[in-house]
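Chains as they are written, first to last, in the working numbering: chain A, 106 to 415; chain B, 106 to 415; chain C, 106 to 415; chain D, 106 to 415.
Since the hints were derived computationally from the structure, they do not count as laboratory data.
One or more of the hints may lead you astray.
Chain copies aren't distinguished; within one or between two, either way the pair holds.
To be verified - Below are the DSSO-like pairs computed for lysine-lysine, each with C-alpha atoms no more than 30 Å apart in a straight line:
#1 Lys338 x Lys150
#2 Lys338 x Lys223
#3 Lys202 x Lys385
#4 Lys202 x Lys224
#5 Lys150 x Lys385
#6 Lys202 x Lys150
#7 Lys385 x Lys338
#8 Lys385 x Lys223
#9 Lys202 x Lys223
Protein chains: 4
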Amino acid sequence: MHIPMYFQENVTAFEALHRRMDRVLASGRTRFQNYVIFDSQGFGKVLVLDKDVQSTERDEFIYHETLVHPAMLLHPNPRSVLIVGGGEGATLREVLKHPSVERAVMVDIDDQLIEMAKKLLPEWHQGSFEDHRSEVVADDARAWMENHADTFDVILIDLTDPVGEDSPARMLYTVEFYDLVRSRLNEGGIMGMQAGMILLTHHHCHPVVHRTVRESFQHVATYQNYIPGFFLKFGFLLASPTIDPHSVPAASVQERIEQRGLALSHMTADYLGACLVLPKDVQDALDQETVVSRDASPFWLTESGAPGPG
Amino acid sequence: MHIPMYFQENVTAFEALHRRMDRVLASGRTRFQNYVIFDSQGFGKVLVLDKDVQSTERDEFIYHETLVHPAMLLHPNPRSVLIVGGGEGATLREVLKHPSVERAVMVDIDDQLIEMAKKLLPEWHQGSFEDHRSEVVADDARAWMENHADTFDVILIDLTDPVGEDSPARMLYTVEFYDLVRSRLNEGGIMGMQAGMILLTHHHCHPVVHRTVRESFQHVATYQNYIPGFFLKFGFLLASPTIDPHSVPAASVQERIEQRGLALSHMTADYLGACLVLPKDVQDALDQETVVSRDASPFWLTESGAPGPG
Amino acid sequence: MHIPMYFQENVTAFEALHRRMDRVLASGRTRFQNYVIFDSQGFGKVLVLDKDVQSTERDEFIYHETLVHPAMLLHPNPRSVLIVGGGEGATLREVLKHPSVERAVMVDIDDQLIEMAKKLLPEWHQGSFEDHRSEVVADDARAWMENHADTFDVILIDLTDPVGEDSPARMLYTVEFYDLVRSRLNEGGIMGMQAGMILLTHHHCHPVVHRTVRESFQHVATYQNYIPGFFLKFGFLLASPTIDPHSVPAASVQERIEQRGLALSHMTADYLGACLVLPKDVQDALDQETVVSRDASPFWLTESGAPGPG
Amino acid sequence: MHIPMYFQENVTAFEALHRRMDRVLASGRTRFQNYVIFDSQGFGKVLVLDKDVQSTERDEFIYHETLVHPAMLLHPNPRSVLIVGGGEGATLREVLKHPSVERAVMVDIDDQLIEMAKKLLPEWHQGSFEDHRSEVVADDARAWMENHADTFDVILIDLTDPVGEDSPARMLYTVEFYDLVRSRLNEGGIMGMQAGMILLTHHHCHPVVHRTVRESFQHVATYQNYIPGFFLKFGFLLASPTIDPHSVPAASVQERIEQRGLALSHMTADYLGACLVLPKDVQDALDQETVVSRDASPFWLTESGAPGPG
């Protein structure tokens with residue numbers, strides 16, 4: 106006999122996912138967002154921020170390997186890495202697996218979330234906050250970047266979606282922000298980012314992000330992957346002034362995986378190549394998208410996943 | 106103001122999807138299964154059979170292009186095709202796009218479903234039932250194949266999952282059934298099939314189907330794709346005594362698409378190649394699976410998606 | 106195996122009822138409101154108007170006997186009756202059971218609803234629309250009453266709740282409307298009405314209606330009853346310039362039931378007396394209520410059941 | 106912005122209530138049952154045991170005043186009281202309001218629940234566990250009564266419904282148990298009990314309990330009340346070898362309320378009289394019920410509220 110408690114996630118404006126919660130470990134509000142951490146039979150521990158599932162214990166390796174390793178592997182020798190967001194520490198954990206890394210700065214606005222993660226989400230960070238190469242900064246990432254001239258080999262963007270007209274995340278999805286990111290890349294650097302769900306039946310969130318990033322970078326590539334814990338396919342982006350993701354052969358990626366001694370559970374060199382190949386309907390949507398998000402009128406999604414009027 | 110009617114689909118034993126129904130076009134029961142057809146804002150018309158969404162108007166092209174064209178394109182000259190299941194007629198529609206096809210036999214047990222589809226689901230069949238090359242048979246597919254010695258270049262399996270201990274579909278997921286399929290392939294023939302969701306956090310449905318098919322065929326390849334209307338990634342299988350799907354170059358596939366004049370909206374030669382590349386965790390699950398479904402003890406899923414005790 | 110379709114009713118802002126629909130008989134929109142008619146195992150046929158269940162086949166006798174007979178029985182000889190609202194015809198059906206009735210005028214704004222009821226809801230009207238004493242008028246009830254000087258022995262108000270800031274029903278819940286009702290009563294006449302759910306934990310809908318009616322009438326009495334199909338206790342009102350409901354002895358009511366040959370399934374003379382007795386918390390809420398709904402600033406409920414800001 | 110967590114309660118087999126949880130204060134399992142305590146906007150703190158809401162902070166006074174005071178007030182001088190069940194302490198709290206009480210024994214099987222209530226549910230017990238007249242026993246109530254010859258003026262039964270074929274509560278709903286209760290009443294004693302929801306559209310739970318109690322007692326009276334936090338009308342029973350509840354005039358009850366200095370928020374002498382008057386359909390169901398629950402074949406409800414096959 107189980108306890109019939111459910112977390113209801115409005116995946117779209119018309120479809121909602123009801124997830125059974127076996128035990129609620131924590132729920133409340135930091136200065137910036139609501140949170141729930143619960144145990145589930147299907148996915149283990151689940152982290153929710155502001156109405157959306159962010160990560161689940163059993164499949165977070167898929168999300169984080171997909172976010173981190175493509176950018177890290179396309180760079181021949183990543184020594185400094187900036188993580189924008191990434192509060193629970195798993196993105197940092199994956200970055201630190203690359204032995205060339207000497208400095209990994211993580212800037213997340215929500216210090217209370219980080220503290221909670223340290224205590225309640227050890228499966229995610231696995232001690233990465235304590236690594237001597239890690240610097241954890243509690244600040245608005247855009248403000249921090251504007252105030253610090255530090256540059257990096259790899260910049261990873263691991264943010265919540267820009268949901269809601271007053272979402273602060275909106276200002277981290279504009280051309281002006283991507284210009285700032287580019288200016289903080291070292292020569293030969295590359296950006297990797299989570300870039301919104303791909304659900305073309307419902308909206309064009311990912312194509313807009315893709316189109317916007319193309320304003321700032323010479324080379325931009327979408328790669329996609331299914332994240333089981335979200336029940337959705339997500340778009341990710343690689344962007345660089347110099348590196349063309351499509352021109353790096355799988356053999357080179359494979360060689361780097363071996364040289365760096367990476368033990369991965371999901372991503373392989375061949376699978377990265379596969380993720381970079383898009384079906385026709387997605388490619389068409391990217392090619393035809395015209396909306397660019399700018400500071401003057403930033404793009405945002407309604408709470409239910411539709412694009413806002415802005 | 107909308108009418109708050111919902112269709113609840115138990116995607117797993119622990120997660121349920123609530124889909125808003127704007128209008129219920131039909132609901133009831135044929136001799137074999139319950140059905141609902143409803144209109145939705147996200148996916149247009151939606152067809153439900155026995156508790157599970159089978160197809161949606163807006164994304165059925167993704168499912169049906171993924172099911173049909175890989176097998177059809179790997180065969181150099183498919184002239185005769187057998188479709189097992191496929192009641193609403195869209196699989197047949199895609200098959201008939203290949204100009205080499207001279208005969209397409211569709212065997213579905215549920216003649217009432219076919220009649221309903223003819224009237225209520227024209228977006229799916231688009232007249233394919235009336236094509237002079239089509240033969241529609243209302244019969245149990247396994248029984249029909251046992252009673253008919255007809256052989257085919259391509260056999261496509263488009264069935265509901267074997268959900269429930271008394272599901273008749275169970276007997277179409279066993280080694281003995283796949284042996285029968287193989288015996289009904291012409292020299293150089295190939296089988297393509299929908300082979301269960303890939304949700305390794307929850308169960309090993311696809312690995313069991315894959316492992317079982319390997320008992321009957323020399324060459325077996327899993328390919329995967331995300332089906333938006335199901336909010337799930339599905340596994341598909343290609344199986345042949347002679348054709349190795351991994352050895353056919355994308356350039357050949359592309360050439361065939363052009364020669365046959367196929368206008369596809371989702372599948373491309375390159376994307377087919379990408380679908381055949383599996384992430385490490387999925388490949389590991391396939392490699393390690395040991396369960397084989399046999400007539401004496403057929404595999405089945407509980408209604409909630411877990412494997413049954415059998 | 107059932108089809109998992111649900112109707113979701115937001116009983117309050119915080120609690121929702123999910124009712125299983127076995128079959129949707131009709132759904133759509135008249136010029137005035139959305140509607141759904143579905144079959145359910147618990148309550149039989151269910152009628153929904155604008156998001157709220159209005160009536161169910163198996164318990165509508167409880168609602169309609171509770172609404173109609175108290176006012177009719179407190180009047181010694183009701184010959185003319187006006188029904189405000191009451192579109193599906195069951196209120197009219199109960200009125201016509203009283204043999205003294207010579208004329209029963211029903212004014213409902215929604216003629217399309219009445220037509221649909223004639224066809225799909227025979228269990229409700231049971232032919233009452235065809236009775237020679239019935240006059241069915243499709244009009245705004247307040248406008249009709251302003252334009253017609255006809256007076257009645259009994260006026261019954263059977264409306265949907267004033268949900269939504271733009272609900273037209275709002276103008277039938279104000280002092281000015283109740284003054285109009287009083288002016289259309291014959292000497293010795295009485296008004297009976299459905300007057301909102303009693304759920305004091307959540308809001309004061311019924312106390313506000315009660316308080317407002319008291320502005321217009323000398324004698325006002327709340328009586329309450331549980332309506333199973335709504336899973337709620339509702340308040341009803343009796344109001345009259347001359348009849349004090351608390352002063353009519355049960356024995357007189359019982360005598361009238363017998364004289365009129367009424368065959369009732371729920372209401373009895375004693376039970377009417379019991380419904381007029383209120384628990385202390387409800388009586389206190391009535392005594393302390395100060396809000397009066399007026400044309401200049403009519404009271405309304407949010408869609409979820411909370412009182413609107415007006 | 107709220108956190109969309111819900112508690113789903115299957116009110117019947119066909120209707121479920123989804124209650125929004127603002128914060129989960131505790132969830133888990135004692136040796137005997139699952140429990141959840143959560144905060145809600147509509148009802149404040151809510152206590153759930155084994156899938157069913159037991160009590161809510163804002164309306165528990167309605168339930169507990171309805172359960173306790175009728176039996177206590179019908180007895181002219183209750184000095185000793187036995188409470189069967191009642192783990193969170195509010196029944197005990199109401200009993201202790203009667204100044205004649207010298208001894209109040211509460212026997213609840215679940216000592217872990219009692220300990221949790223002491224810490225987390227002070228709004229319920231309000232210190233009643235510490236009263237010098239209270240004796241709290243952690244034991245199976247039937248076993249305790251069989252092993253102890255103590256007799257009481259009033260015995261109050263405050264149990265969960267007999268849901269599930271293996272529910273231990275089943276054995277506290279049989280003729281044999283009620284015979285035991287009668288044997289533990291002092292001369293002139295009376296039993297009061299919560300006796301199941303009244304939802305005749307769905308099942309005959311209350312009529313069966315009523316019919317069963319009539320096997321053991323000379324005088325048995327059903328009284329009913331709506332419990333807002335359950336969204337249901339419940340049946341309660343008064344049973345005594347000597348006291349006929351219908352023959353005690355309201356004036357006497359009122360006199361006792363005043364003599365005992367009871368400050369009640371819901372129950373009044375008149376309202377108790379009103380609760381004892383039943384509508385015709387309920388009275389008919391009681392009169393016609395023939396099922397009696399006996400040890401040899403105890404009555405039980407399925408988890409969804411239907412009567413079990415036994």
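Hint check results:
no., hint, in the structure
1, Lys338 x Lys150, "both (21 Å within a copy, 22 Å between copies)"
2, Lys338 x Lys223, "within (29 Å within a copy, 32 Å between copies)"
3, Lys202 x Lys385, "between (35 Å within a copy, 18 Å between copies)"
4, Lys202 x Lys224, "within (22 Å within a copy, 46 Å between copies)"
5, Lys150 x Lys385, "between (36 Å within a copy, 23 Å between copies)"
6, Lys202 x Lys150, "within (23 Å within a copy, 46 Å between copies)"
7, Lys385 x Lys338, "both (15 Å within a copy, 18 Å between copies)"
8, Lys385 x Lys223, "between (43 Å within a copy, 29 Å between copies)"
9, Lys202 x Lys223, "within (19 Å within a copy, 49 Å between copies)"
Checked against the numbered hints listed earlier, the structure breaks none of them; every hint is satisfied.
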